[in-house]
Structures are given as C-alpha cells and as structure tokens.
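Please work from the sequences and hints to get the whole structure.
Going line by line, the protein sequences match chains A and B.
Here the first sequence is numbered in this note's numbering, starting from 78 and rising by one per residue.
Here the second sequence is numbered in this note's numbering, starting from 695 and rising by one per residue.
Because the hints were derived from the structure by calculation, they are not lab data.
No incorrect hints appear here.
Okay, the calculated bits of chain A under chain B, using three or more residues with CB under 8 Å as the criterion:
1) 132–140
2) 143–150
3) 172–184
No experiment lies behind these values; they were computed from the predicted model shown.
We put the CB at the ideal spot given by N, CA and C, even for glycine.
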Amino acid sequence: MLFNSIGPVPLQAYLIVAAFLFCTGVWGLINSRNAVRVLMSIELMLNAVNINLMSFSSYIDGSIIRGQVFSIFVITVAAAEAAVGLAILLSLYRNRVTIDMESFNLLKW
Amino acid sequence: MNIAYSTELICFLILSAVIISGSLAVVLLENIVYSAFLLGGVFMAVSGLYLLLNASFVAAAQILVYVGAVNVLILFAIMLVNKKEKLKPIEGLKTRKLISGAICGGLLVLLLRVSITTKWNLPGPSSIGEEATERIGEHLFTDYLLPFELASILLLMAMIGAIVLARRDISMPTNKIDNLKNEKSLIDKKIPLLSENSLK
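In structure tokens form, the structure reads like this:
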C-alpha cells in the first residue's frame, strides 16, 4: 500500500516546521558566543532546508523525486562543511585558547 | 479517518514537537554537551519526518551521516575544546539578542505567511513510495552524474583540508623550537599563525 500525497498531514505543516527550525538556527547563529554552537546552528539551518526539499519532492514531484537527490547532495556538503569548520575551530583554539566568538576578530579592521 | 491516517498524524505531531523543542534547547541551553546530544535527537526526528514522507533511503543517509558522523564530530570537538571559561561581558548583549530575536521572528512570520497563502500545485503526481531508492540511483548515475562526481571531489578536498588545518605543526624540529623560544625578539615579529602556539 502506498501513501499517496493526499495524506492526513498537509504540505504546509512540514513547511511550518522547517521555517521554525530555520529561524531558530538563524537566531542561534547570530547570538551564540560558543563557536561549536555556531556550527550546530548551521546544521539546524541545513536540516530545515532539507525538510523543505523532501516535502516538496514528496508532495509536488512525487514521481521523479528530484528533491531527494538534492537533499542527498545537501547532506554531503553539510558533512564536508562540518569537518572543515571543526578543523578551523580546533586550529583557532590552539592559537587563541578560547572559543568565544567575540575574540575571533583577526580579520576585522 | 482510518488508523493509518491517525497514526501518521500522531507521528508527525510527536516528531515536529521534538524538532521544535529540541532546536530551541540546542540554541538556548547553557551546557554545550546537552546541546550536542539534543542536536542528535533533532537529527533523528528529522529522519523520522523523512520516513513519513516515504523516503527511506534519505532517512537512512540522514541517520548515518548526521547522527553517525557530524554529531560525533561535534562531540569530539566539544571534548577537545571544552574549557570552562568566563566569557567577558559585552555591553548591549541584551538589546542585540532582542533585536535579532525580532528579526528572526519577522522572518518566521514571513515564511509562515508565504507557505500558508501560496497556492501549491496540489495534489501532484502520486508518490512512488518504496521505489524511491532505485529512482535515486538512476538519477545519480544518469542526469545527476556530474554533481555526484563533484561531490566526491568535494569530500576529498574537505578531508585533506581538515587534516591540514587540524594537525599540529610538527614539521619543525624540536631543537629549532628551543632556539626560537630563547629568541625574545621573535615575539615582536609576525609569527605564522599555525606555529604560533608551538613557540610558547
């Protein structure tokens, strides 16, 4: 038995959850002072984008599912981004001995 | 309303509640270790949403990559840099949080309005359900072949870049480091970023 796209959950519900996740990620990205938390916020935002892609792929593009392929690429890029971001973070910590975002002003002025 | 529909609805409600409360906790909790574990919970709930959307392959990839790799990487980073430090207070932090909260709230309202008022082209073609994995494989090796290969190159570059960035700079022989320690004048000079700490 296949679930068809006229399920009990409308498309808008998925979009609302994704919008909330994205806004939480943006707020955390701006306000975190711990650099690891900034990376976690970026992951939250990428997940929100993925939820959008997957729900559109299932509801509107159900027979070709290009959205699922796109979300696999997004997952790949997110993994690469996390690895490089944490490596940069470790290198910064080794030089500055802090992970406070306010003290990372090397490139400012 | 038969039982499959109500089960799907209940699953969706539980998963979205976990996602929303978990993401708020990730951002707001003081202890970063709790945040990291809750982030894993959020990733699991998102993969549950993918299962509700008939995408079992992407759900498995989400668990493998996000929970298995990214979250573990974040936990390792926390363990490597976890130092209790007193963050020095900066003025205007409250107003900054309030302003950014207002901006994010406005963005949320905008997104909600767009997603609710737009006339989506529903219902689309019926979902292919369990054939999705085969279809993804066909996509990856026919019309998305170039992005697929580019993704492999990207992963290789990210791996090499992470190794280069995160390794300790041990190429300098130790007697040279000792010589450098004795030279006081080096402190005034421009020291290369990666070997800065090895001089101390």
